[in-house]
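Undergrad: Please put together the full structure from these sequences, using the hints given.
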Amino acid sequence: MKIRLCWIIPLSVLFSVMAVFSTACAAGVSDAVVKVFVTANPVDYAKPWQTLGSQASTGSGCIISGNRILTNAHVVADHTFIQVRKQSSPQKFTARVLAIGHDCDLALLTVDDPEFFSDLQPLDIGELPALQDSVLVIGFPLGGDKLSITKGVVSRIEIIPYAQSGKRLLGVQIDAAINPGNSGGPVVQDKKLVGVAMQSIANSQNIGFMIPTNVISHFLGDVTDGSYDGFPMLGIEYDNTENPALQKYFKIPRKNEGVLISRSIPFSPADQVLREEDVLLEIDGVKIEADATIPFRENERLDFSYLITQKQIGDQALVTVLRKEELMTIPVTLTDFKGLVVPPNSYRKPPYYIYGGLVFTVLSADLLQTWGKNWWERAPLGYLDYTFGTGRLNYERREEIVVLLNILPDNVTMGYFGLDNEVIKKVNGKNFTSFKEFVDLLEKQKGDFIWFETDFGQKIILSTEKIHEITQEILLRNNIPAQSSEGLLGR
Numbered sequence: 009m010k011i012r013l014c015w016i017i018p019l020s021v022l023f024s025v026m027a028v029f030s031t032a033c034a035a036g037v038s039d040a041v042v043k044v045f046v047t048a049n050p051v052d053y054a055k056p057w058q059t060l061g062s063q064a065s066t067g068s069g070c071i072i073s074g075n076r077i078l079t080n081a082h083v084v085a086d087h088t089f090i091q092v093r094k095q096s097s098p099q100k101f102t103a104r105v106l107a108i109g110h111d112c113d114l115a116l117l118t119v120d121d122p123e124f125f126s127d128l129q130p131l132d133i134g135e136l137p138a139l140q141d142s143v144l145v146i147g148f149p150l151g152g153d154k155l156s157i158t159k160g161v162v163s164r165i166e167i168i169p170y171a172q173s174g175k176r177l178l179g180v181q182i183d184a185a186i187n188p189g190n191s192g193g194p195v196v197q198d199k200k201l202v203g204v205a206m207q208s209i210a211n212s213q214n215i216g217f218m219i220p221t222n223v224i225s226h227f228l229g230d231v232t233d234g235s236y237d238g239f240p241m242l243g244i245e246y247d248n249t250e251n252p253a254l255q256k257y258f259k260i261p262r263k264n265e266g267v268l269i270s271r272s273i274p275f276s277p278a279d280q281v282l283r284e285e286d287v288l289l290e291i292d293g294v295k296i297e298a299d300a301t302i303p304f305r306e307n308e309r310l311d312f313s314y315l316i317t318q319k320q321i322g323d324q325a326l327v328t329v330l331r332k333e334e335l336m337t338i339p340v341t342l343t344d345f346k347g348l349v350v351p352p353n354s355y356r357k358p359p360y361y362i363y364g365g366l367v368f369t370v371l372s373a374d375l376l377q378t379w380g381k382n383w384w385e386r387a388p389l390g391y392l393d394y395t396f397g398t399g400r401l402n403y404e405r406r407e408e409i410v411v412l413l414n415i416l417p418d419n420v421t422m423g424y425f426g427l428d429n430e431v432i433k434k435v436n437g438k439n440f441t442s443f444k445e446f447v448d449l450l451e452k453q454k455g456d457f458i459w460f461e462t463d464f465g466q467k468i469i470l471s472t473e474k475i476h477e478i479t480q481e482i483l484l485r486n487n488i489p490a491q492s493s494e495g496l497l498g499r
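Going by the working numbering, the sequence shown opens with residue 9, and the numbers climb by one from there.
A portion of the hints provided could be inaccurate.
Said to hold, decoys possible - With a straight-line Cα cutoff of 27 Å, these simulated DSSO-like cross-link-like pairs (lysine-lysine) come out:
(1) K357 with K434
(2) K295 with K332
(3) K200 with K100
(4) K346 with K319
(5) K94 with K154
(6) K467 with K454
(7) K346 with K434
(8) K199 with K154
(9) K263 with K332
(10) K438 with K452
(11) K159 with K94
(12) K200 with K154
(13) K474 with K434
(14) K452 with K434
(15) K438 with K346
(16) K434 with K444
In short, the hints are calculated from the structure, not lab data.
TA: Below, the structure written as structure tokens:
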């Protein structure tokens with residue numbers, strides 16, 4: 009007979025022990041944590057010639073080697089002025105951005121005044137914590153002005169979409185609360201930086217996410233040359249090969265191995281290198297299972313895209329495929345590739361062009377988000393087709409999608425009101441692949457009429473008589489400072 013001893017600890021004692029643990033672990037670390045004060049002025053993507061006005065916010069950050077402050081990209085996005093304050097001092101110092109990576113939601117700041125960094129010990133970067141490890145989230149969340157220290161446990165490690173960019177990178181879920189203001193603050197284990205607080209799930213209880221050291225190290229390695237290139241992607245659409253009949257049909261050599269490529273995305277690294285019905289078996293010698301996962305540490309698995317995002321832009325990946333029963337290993341050079349719908353935060357200022365009261369721009373994730381939190385329920389169907397529908401497959405190999413954003417009232421546009429937010433396919437019957445090529449067609453127009461064709465076959469026809477004078481009158485009437493975004497026309 010076994011006797012089990014049960015220890016009953018009063019809650020007051022338990023909380024005291026936890027508080028002592030947290031305080032001890034945070035000692036010597038909290039001095040490296042800073043509060044970030046940001047004034048921002050984001051662009052209005054619905055009216056891309058203007059901004060939304062000045063906005064103030066706060067976040068957190070931590071000091072790392074080289075007199076640098078690590079924080080989130082979304083904390084300092086669209087900034088016009090930044091200040092930082094040490095938790096041990098009331099004085100604010102002006103800061104500036106050294107590098108920003110929206111795809112991984114990280115940014116580096118510095119302070120030019122050397123007094124700010126005096127007597128401060130930067131945080132060392134640690135290792136990726138294990139499942140069930142305890143960590144501390146340190147920062148300045150809303151609800152108070154003092155430093156907050158929250159204990160959490162690592163509950164999940166997987167590839168997740170980052171809210172700032174939609175990019176799928178390695179993320180770590182923790183059960184510590186991450187609230188507005190915590191963003192950019194360090195997650196610490198054994199007095200070392202093991203993550204940066206990033207995002208949480210709305211209406212959930214204590215489900216937060218941090219950016220792990222794998223992603224942080226990639227970002228820091230990328231910016232050593234003074235510029236940020238970003239995280240690569242292979243550029244394929246694929247299906248799993250778990251079905252036994254499918255495995256047999258494609259003669260996959262080993263059971264439960266590989267994924268079936270259904271399409272290589274135009275202009276991506278895989279474009280015209282990997283083919284439809286190739287079975288992707290390995291990347292750099294690492295076997296890909298039928299469910300699209302690879303081994304990661306002991307008893308853990310990750311999506312195979314991790315193998316690509318570990319590399320830098322310009323690196324090569326050795327890709328092994330089964331093509332018509334022949335095994336092939338193909339080198340793929342990883343480039344700076346962006347999808348057909350421009351990812352969030354890709355533009356400092358979005359391009360636009362106004363012609364006779366017609367306002368044109370590029371379809372982007374930022375434009376879609378002007379329809380609000382649940383934009384996929386409100387945005388025009390033509391836009392959504394390039395985001396979720398068959399249009400995203402880009403069979404026409406367009407580099408960008410040009411949209412008629414708005415129609416400014418005037419005699420020249422009479423009868424066309426209500427045709428805004430349409431995708432433009434042709435100008436005078438001519439196709440184009442980019443916004444620059446589209447604008448060039450308009451600038452070189454010499455006939456008496458110009459006509460635009462939408463994706464749905466609708467035609468908008470304008471007289472070109474005195475069109476430039478009319479355009480300038482419309483701009484003046486609507487207080488629009490310029491016909492186009494800066495640098496678009498080259499004049």
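Undergrad: Against each hint, give a clear statement of whether it holds in the structure.
TA: Hints and how they fare:
Straight-line distance between C-alpha atoms of K357 and K434 comes to about 25 Å, which keeps the hinted pair within the 27 Å bound. Taking the CA atoms of K295 and K332, the gap is about 19 Å. The hint holds against a cut of 27 Å. For the proposed pair K200 and K100, the alpha carbon gap of about 25 Å is at most 27 Å, so the pair holds. For the hint pairing K346 with K319, the CA-to-CA distance comes to about 16 Å; that is within 27 Å, so the pair holds.
Restraint check: the Cα-Cα separation between K94 and K154 comes to about 11 Å, which is no more than 27 Å; the hinted pair holds. Distance hint between K467 and K454 is fulfilled; the C-alpha atoms sit about 19 Å from each other, no more than 27 Å. For the proposed pair K346 and K434, the alpha carbon gap of about 23 Å is at most 27 Å, so the pair holds. Between K199 and K154 the CA atoms are separated by roughly 20 Å; this keeps the pair inside 27 Å, and the hint holds.
Using a Cα cut-off of 27 Å, the hinted pair K263 and K332 holds, with the two alpha carbons roughly 17 Å apart. A distance of roughly 13 Å separates the Cα atoms of K438 and K452; the hinted pair therefore holds under the 27 Å criterion. Of the supplied pair hints, the one linking K159 and K94 holds, its CA atoms being roughly 21 Å apart against a limit of 27 Å. A threshold of 27 Å between alpha carbons decides the hint, and for K200 with K154 the separation of about 21 Å falls inside it, so the pair holds.
The straight-line distance between the Cα atoms of K474 and K434 is roughly 22 Å, inside the 27 Å bound, and the hint therefore holds. This hinted pair checks out: K452 and K434 have alpha carbons roughly 15 Å apart, not beyond 27 Å. Straight-line distance between C-alpha atoms of K438 and K346 comes to about 25 Å, which keeps the hinted pair within the 27 Å bound. A threshold of 27 Å between alpha carbons decides the hint, and for K434 with K444 the separation of about 14 Å falls inside it, so the pair holds.
In summary, the structure agrees with every hint in the numbered list given earlier.
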